[in-house]
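For the record, the sequence lines run as chains A and B. Using my numbering, the first residue of the first sequence is number 1, and each one after it goes up by one. Using my numbering, the first residue of the second sequence is number 167, and each one after it goes up by one.
Please note: incorrect hints may appear among the correct ones.
[Claimed, not checked] Each pair of labels, with its calculated beta carbon distance range:
#, chain 1, residue 1, chain 2, residue 2, range
1, B, Pro409, A, Gly38, 30 to 38 Å
2, A, Lys90, B, Leu175, 53 to 61 Å
3, B, Gly189, A, Gly24, 51 to 59 Å
4, A, Lys116, B, Glu410, 22 to 30 Å
5, B, Leu175, A, Gly24, 19 to 27 Å
6, B, Ser416, A, Asp87, 33 to 41 Å
7, A, Glu104, B, Leu175, 41 to 49 Å
8, B, Glu404, A, Ala16, 55 to 63 Å
9, B, Gly189, A, Lys14, 28 to 36 Å
10, A, Val93, B, Gly177, 47 to 55 Å
11, A, Gly24, B, Tyr192, 46 to 54 Å
12, A, Glu29, B, Ala173, 56 to 64 Å
13, B, Ser190, A, Lys88, 54 to 62 Å
14, A, Lys88, B, Tyr192, 52 to 60 Å
[Unchecked claim] To give an idea of the chain B side of the interface with chain A (calculated C-beta under 7 Å), a few residues:
#, residue
15, Met180
16, Ala406
17, Met415
18, Thr420
None of these hints come from the bench; they were simulated from the model. No experiment lies behind these values; they were computed from the predicted model shown. We put the CB at the ideal spot given by N, CA and C, even for glycine.
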Amino acid sequence: MMALNGFVSKYDHKTASFQPVQIGEIVNEKSLFLTSEGSELILSYPSSIVARFGENTRAIVSPELDNRLEIDLQLGTVSALLDPDRDKEKEPVFAIRGSGGVIEAVGTFYAITEYKGQTYSAVKRGEVAKKTTPPEKPNFSAYINHSKSMKKDQEKIGLQQRKATQ
Amino acid sequence: MQPNNSARLYGKIMNEQPTRVQGSIYANGHIILINPHGFIFELDGTLGESINVAKLHVISGTADEDFDEYTLSGYISGGWDGSIISDETILAGPVNDVSPGFFSEGATSIIEGETFQDATLKLVNSDNSLTVPIDSEITVEGLGAVSDLAGQAVLQTGVMLASQTQFQPTTVASTASTSSSTSDGGNEESTEESASDSSDDSGNKANANIVNSTVAGVAPFSPISEPILSVEASKILESALSPEVEQKMSKFLTP
């Protein structure tokens, strides 16, 4: 993890609270990140991959597992920049998972966004391989509960911000 | 007045009749209306004039407190006085007997257990079919001359796969195969249904059998594999792939 602007927080399992993310922090376990409005987070992977979380993004970042790096995007936008010259045989596969499926990069600059319950993607350069998922079952409860969880998250962040300013 | 715009007011109506929503609704938070027997909107004016809430949820059915368990029933109808459903409204339940313009762009409706985002669907029939009125034809790249509404309907492959489309002089009736689509590794399969013909005023037959996002029988159509991006999503993605963003990211691209 190399850079961030604005307020970015990460869920801490030990304290069961959201903690501000520090520049230079290393992700060595599955972590939920939240970027607030006007904020961004740039993750730098050692394998010539950079991911950027745009504002109002909520995503789970996983460390390398079975030669695979994956970001589970729940809300917001993630851009991915991959060095096209990286060793694709040895380096881990990089993928972003949205509600609509998984997008794996071959060597490219692309972005995906979770917007109003659908996953959209755009490729600026290179190629991506998409694995779409079938339409899900009725998801109204998820919509409501998602709103609830977002509200709880926002309340926690607000509380922490107030504590920090006191 | 609610404490904030995230506050939720639940209104469970448990009588044996559909709820008639008349007059106006004003709130600074969420309003959730639940009635297993449905709703009839009889507003005096348009949405902006009659409903002013952070988000209006209309659930034609039953649901528990956490919405973990819910059943859709009844019907939601109305909209005769103009467009009443906007992006500030969530509908859950079968929709019946609504006027054209009931949905406006950005509305979300959950119908027959399926979710339609950025609704461009104008009317959903109780037999799981869609009737999409079109006012005029436009040219959509890759599709040829079709209605924008029809284009949106058939292109929403991630949400709905139209299995049968009938072109009529003034309307497109699209029989949707809700949730009959499956996909694996990008290869989609769908339930194939035979096309039925319809004739326009000039006697020309126009029918389309849409299978696996491919339209057969109508020359201007071409295979579709991507949903049309919503305007807002396109803007977000364009911003996320801007040269400034790339320049910023490339600084951290370690070999």
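Among the hints numbered above, which are violated by the structure, and what are their numbers in rising order? Hints 1, 5, 6, 8, 9, 12, 15 not satisfied by this model.
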